[in-house]
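**Q** Chain residues, written in single-letter form:
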Amino acid sequence: MSLNHLQKLEAESIHIFREVVATSQNPVMLYSIGKDSEVMLHLALKAFAPGSLPFPLLHVDTTWKFKEMISFRDKIAKEHNLNLLVHINQDGVEKGISPFTHGSATHTDIMKTVALKQALNENRFDVAFGGARRDEEKSRAKERIFSFRSETHRWNPKNQRPELWNIYNTKINKDESVRVFPLSNWTELDIWQYIHIEKIPIVPLYLAAKRPVVKRDGQLIMVDDDRIPIHENEQIKQKMVRFRTLGCYPLTGAVESKAATIEEIIQEMLLTRTSERHGRIIDQDMGASMEQKKQEGYF
Amino acid sequence: MSHQSELIEGDISSYLKSQAEKEFLRFITCGSVDDGKSTLIGRLLYDSKMIFEDQLSALEKDSKKFGTQGHNIDFALLVDGLAAEREQGITIDVAYRFFSTNKRKFIVADTPGHEQYTRNMATGASTAELAILMIDARKGILTQTKRHSFIVSLLGIKHVVLAINKMDLIGFDQNVFQEIDKNYRTFAKDLGFHNIESIPVSALEGDNIIEKSNKTDWYDGPMLMEHLETVQIEEQNESAPFRLPIQWVNRPNLDFRGFSGSVSAGSIEVGDDIIALPNAKTSKIKEILGASGKKNHAAFGEAITICLEDEIDISRGDVIAKLNERPETTDQFQAHIIWMHEEHLLPGRPYLIKTNNQTTEGVVTELKHKINVNSLEHESGKTLELNEVGLVNISLNRSIAYDSYTENKTMGSFIIIDKFTNSTVACGMIKFELRRASNVHWQAVDVDKKSRSKQKHQKAKVLWFTGLSGSGKSTIANLVEKKLHAMGKHTYLLDGDNVRHGLNKDLGFIDVDRVENIRRIGEVSKLMVDAGLIVLAAFISPYRAERQMVREMMDKDEFIEIFVDTPLEICEERDEKGLYKKARSGNLKNFTGVDSAYEIPNDAEIVVNTVKYKPEDIANYILKWMAQ
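As given, the protein sequences belong to chains A and B, one line each in that order. If you read the first sequence in numbering that gives the first Met the number 0, its first letter stands for residue 0, the second for the next number, and so on. If you read the second sequence in numbering that gives the first Met the number 0, its first letter stands for residue 0, the second for the next number, and so on.
Hint data in this document are derived by calculation from the structure and do not stem from the laboratory. Among these hints, one or two may not hold up.
[Claimed, not checked] With beta-carbon atoms standing in for the labels, derived distance ranges: (1) B:286 x A:214: 55 to 65 angstroms; (2) A:173 x B:604: 12 to 22 angstroms; (3) A:173 x B:189: 27 to 37 angstroms; (4) A:173 x B:519: 25 to 35 angstroms; (5) B:396 x A:175: 18 to 28 angstroms; (6) B:13 x A:153: 44 to 54 angstroms; (7) A:211 x B:13: 30 to 40 angstroms.
Just so you know, these numbers come straight off a predicted model, no measurement behind them. Positions of the beta carbon are idealized from the N, C-alpha and C atoms, including for glycine.
So here's chain B without its partners, still in its complex pose:
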C-alpha cells in the first residue's frame, strides 16, 4: 500500500473513489506442512503491506519463541492461529486471510494438506475460484499434489497455479521446473482445469512473489501476485439461465408480499415471465428490490426481493426461473459426495439433505463406487469413511429444482446432515437426475387398511421391542402375543428366529447390514399393518436413527416403542445363548453392548423393568397400556 501513500496523503477522496470499484478474488492454497504454504501466505500479507506495526513486533517476538527460522522472521507464525497449532507447528483447520492490492481484494482459504483433513480442503475450495498448489521443487509431484488437484477439480475450480517453491534450494534450476510443469500437465489433463500457470518461487526469500527474481532469467511468465491480480475468472453465472432460490418470504403487511433470495445465475428484469418450481406456477415480475432500493434489473450475486403480478403460492426452497429457461425437478439423482464425519455413511439411513435453502429428507440408495483420492481409481465398497469420496445415488422424500453442479454451483450443491447429532456429515455435487425405467405408482385400492382393521375388530399397529441381547424382549413379546390371541386379536410376531433365516439371511452384523436388516423389517411391518394386523417386532435394534426410520414409515400412533430396560450386567449374567461369553472372548464380533453401541431410546412409549417385575406382569402392563 505504501506506493499509494502519496495519493492517500494528497487526495484521499480520489483515492477512496478508486478503491471502491475493486474486483474480488477468492482462492485456496493447498500443500503440506513442509511445502512452505504458510510462509507463502505470510509473505503475500507482508509484501502487500497488510501486516501492521504491532503485529510485526508480536511476530518478531513469536519468531524467537516458536520460530523455525533462527533469528529471521518466521512468516508462517503470522497465519497459524490457534494455540494448539502453535504447539504442534501445524495448521489444523480452514483459516481465512484477507489482503488487497489496488486492483483486487483477496480472500485466501488456508487449508491443511495432510491426509486426514480432506474435508477442510473441500470446505475451503467450495468458495474459491482459483487454487494455488504448493510443490516442493526438490520433491516434485507427490501423491498429495494429486489428491489436492482432484478435490479442487471435484469442487469445480477451473484455475490452478502451480507454485513450484524452494527454488533456492535447487539453485533455480530451469530443467527441474520444466520437468515438474510437464508432468503436472500430463497428470491433470482430465481434471477439467481451464488454466494452469506454473511459477518458480521461493516463499522464504520472496523470489517471483511480488518482484521478478534476478535468479530466474529463463522465466518470462508472471509473478505470483501479478497473476492473482490479472487472471480472468470467467463468471459463467452471468450469462447462464436465471435462477433465484427463495430464501424467505417477506410479508411485513397485507399490502406487500415479496420473495427474497440471492440470484445464483443470470439476470432478470421487471416484466419478465417467470415460473416457480417445483410446483410450476407462473407469473410476471412486478417489482425488484435490491440492496439500495427499487430497480429494474438484477443479476448474478445480488441479494434481492421480488414482487409478482399474481398472488401465487411460493415458499422457501422454491426456485424462480424464467419461463423459457426452467431447471429440471427430480427426487432422485446421482452425485459425488465427500464424507466429512468420523461416523461413516450408512446407505439406507435417512439423513437431512440441505440444498440451497431447502431441507428435505433423503437416503443414499446406492454407493456406485468409491474414488481413491490418491490414485483416482474407482473402488467398490459398502460405505464411505471420513475423507472418502464416492459416487452415489440419492433419493429424496420430495422433489427439488436443480441444475448439475458443473452448470450452476449453487443449484447443484448440497450438504448432508445427521438427523440426530445435527452434524454436517458430507457435502455433495449433483451430476444428473436418475430417470426410473418405469415409475412405480402406488396402486390405489378400494379395500384399505381401515377396512381391513375394522373387519378384524382391532387397530393395526406395531409393538416394537428394543433392548440388549438377553434383555427379555422375545419372552415378553411372546407372552403379549399369546394374550392378544386369546382375546381374539390378529397378530404376528417378527423376531430374529423367523427373519434372520429367511428374509435377511444375506445380512451380517456390520453397521450397514444392521441398518438394512431393520429397514426390511420395517417395510414388512408396514405391509402387515396395512393388512390390519398387530405386529410384534422383537429386535435389539441398537440405533436410534433406525428405530426412528421405522416409526416414520408408519402413521401416527401406529408405532409403539417398548424399551426392555435390562442392565448389561444382568443380560450378561443370564447369557442364555452363551453369546456374551463368546463376545467377551473375542469369538463374536460387533456384539451389541460388548464392542458395538446400544443407543437408549429417548422417547419410547413404554419402558419396562425386567429386574423389578416378572414377564407376566410386564405383559399385562403392556396390554393395559394398549387398552387406554
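The shape of chain A in the complex, shown without the other chains:
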C-alpha cells in the first residue's frame, strides 16, 4: 500500500522540518496567519510530537493586517502554547508609513521587507521557515526548498545550490541564512484538501460573510477600520465576500462569494479558475516584480 499524494507531501514536509532542527542553531518560523502558515504550523507540530515546537514563530506585523487576523493569531498561539514573536518596524510607524499615503510599494518595502530583515538580524536567526509554494508564481517555481541568502538577505537566482534527492546542504557561513520552504511542492488545491481532511482551523476571513467593502481600482477593499479614506465617489456597501489570500487589508482585494465552508471554497475555486495571487496588489506592478522583490529580501 503506497502513500497517496497528500500523505507523500505531508511526509516530505515533516522530513524538512526535522532536517532543519537537527542541523541549525537558531531557526524560526515566519507566521503570516494565512492558510499556508496554518498548514505549515500543523505539519511542524506533527514533526516534533509528542514534544512541543522547538522554535519560535515570528509574525511581522505591518500594523495594517485585518483585525480578525490578529485575534486569530493570538488564539492559536495560546492554544498550542507557542513562543510567538511579533515584530513591528517602529521606525516606519514613527514616520507614519501607510499604504494610502505612501503607496503599496513603499509600504510593503518598509513595513514588510525591511521589518523582516530587522527581526532576522536582531534575533540572529540562521534559518527561517516560510510558507511559499512553487505553484504560486513563476519565479518561485525555480526556487530551492533550502534557499540560501547572503548576509544582506539577498536571493541570487543564478547562484542556487543544486538540490538533489532529499539531501539538503544546510551549511552556511557566519551571518548568512537559509529560507526553508516546507510547502514547496504543495499546490493551492493540495492545501485546501489538506485543511479539509485534517480539519485545520483558519482565519474566518477566508469564508464568505457580509462585510463592508468599497470598490477601488477594480478591487473590492474591505473597510476594516477608520484609517481608510473614503473618496467622495465611493460608497461603503455590505457584500457577501471572502478573501482568497490575506495580507494588509488595504492591499488585499476581496471576491464576491457565497462559499461559507471549506468544501464550498474548493468547489468555487475549481469552478471559477482565477489564480491566487491575483488579489494581491503588489504582484501586478510589472512582469517580473516578484522576482525582483525576492532578490531584495522580500520572502
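Using the hints, position chain B against chain A.
**A** Chain B alone, transformed into the frame defined by chain A:
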C-alpha cells in the same frame, strides 16, 4: 478539470473524497531550447486546465510582446519563469511545475538541455521516476539525446518516454518515427531502462498529447497524458529491506526518547527486532508514531518516530534496520560522481560528504576514469571539471551504513560540499564498498610521541610558514631554526629545496599536484612531529583548504600557521630568483600571485610584516611567541 464540473457542482463532498486518494508521479523533461520542451509542458498545463483565467490573459499579453509564435499563444512563455530567461528566450535552471488529473498528481522538473547545465538535469532527475526525452523528428537522435539518456540512467530512472515532436513538420511520416524508435532502442539497450515508450506528437498543435491525433492512424499506442496517468512505477522500495536513517532524536522530557526519520525502504512493525548501525546495537520496536499518531506498522515513504524497548545509544546519521536484513558498513567505497561546480575536483582534498542525514569528512582517493557523456566512452584524467562525470574511490573519516544506489536510492546517494565555501560541488551514487586487501592497523608502540618529545626537552610542533614567492619565508624559517638549534632544540626545516628534488619530484605546479605536494609534506611533518621534532615548513601553500588539511593532521596546538605577509609588489620588486619576471612574460605558468591565486589565511596564529620589520626581529618575535 472541466469534465468534472458536474460532479464538482453537484456533489462536492463525493468529488473531494475521490480526489483524496490520488497517486503521485514525478517526472523530468529533457530536451534543448528548440525541441519544444517548454511548449510541451505549457500544453500539458493548458490542456489539463491548470492555467487560470488571469494567467491566460497575461500569457496572451506576453505572447505578443516576447512570443515566437506570431499572434498565437506561445505556451513556452508560461513556463519560462525568470526575467533573465525571458530576455534570452532560454530556460536556465530547474523549475518545478504542477498539474493533476483525476488519477494522478504530477510534478514536472523542467530542466535545460544545453551542455553547460548537466548539473541541473541531474538535480531534476534525482527526484523523478520517469523521464520524457524530447526529440525533434526532423533531426532524430542527437548527441544531446544520448547525453540526457545517460544522465537519466545514471540517476536511476527506469521509465523513459521518447516524445518524438514536430511530427507536423514531417507530414506525420510513420517511417521516420519508426526509424528513430529503432535507433533509440539500440542505443539505450545497456542503460538499464525497464520501459521505453515512443509517442509521435506535435506539442505546438496538440497531436497525441491528450487526444488522439487524426493524422497518425498508423499509431496505436497511448497518448502522452494517458501514458503518464497509467504507467506502473514499480515501488521497489516497498518490498526491499527496512531502512530508517535517523534524522533527529526526539527527547522532549525524561519519559520519552524517540528516533525520528523517513522510512527509505521496506516496512516495520511493533515488536520487530532491530539493529542500529554502524555501532550494531540491537533492540526491539516498542512504539511507532506516524504523522497521525500511534500505529502498529510503518512503511516506505512515511516520516515516523520510533521508541525502542532498550535504552541504546543512537544518534543522527545512524541507520535502523531489521536484525536479519542489515546493510553493510564501510569507510571506503566506489561511486559515480557528477561534478557540479566551477572550481574543479581536487583529489586528496578533504571535502564534506553528506549522505542521508550524515555528514562526514572524506577525500576522493582516486579518479578511476571519466565518462564522456556524449560518447559514453571511458577516458583517463586527473580531475573533474564542471558537468563532468567520473568513477571514483572515496575514503571517509568514519564508517557509514549504506546500500548501493541501485538497491536503495536514499541509502546510496550523497552530495559533496566544499568545506570553505559550503557550495554543493558534486553528487554521487555509491556502487560498492572497497575491501582493502589487508587492513593496515596502526601499530600501537610503547615509545610514543610524548616520550620522544620529553627526551628532547621540547614540545613537538610544526611552524608552517606560508606566503607568496619571495615573501621571505625561507629566510625567516632559517633564522628561527638557527636560534632554536642554538638553544639545544631538535629541529628540521622542510622547504622547496629539499622536498621538490626528492620526495615530490614527480609533481608539477597544476592545482592537483599542488594539493598532493602539500599533502605529502603534511604527512612527513606528522611523522617528524611523532618523532618529537620541531618542524619548520616553508611553502607558498596558496590554498586555505590544504593548510587546514595539514592542521587537521596534527593534534591541537601542534600546528602554528605563520603568515609572512609581504605585498605582491614588494615580492615582485625583490624577485631574487627572477621568477616573477618569467611569469609576467608568460614563460612560467601557474605562478602564485600572477596567474594562480593565493588565499590569505583567516586564522593564522602569527602574522609577520616584512616591510616594517627585519628578519632578525621577526625571528625573535616568533621565538618569544613560542615561549609563551
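**Q** Can you list which hints this structure breaks, lowest number first?
**A** 3
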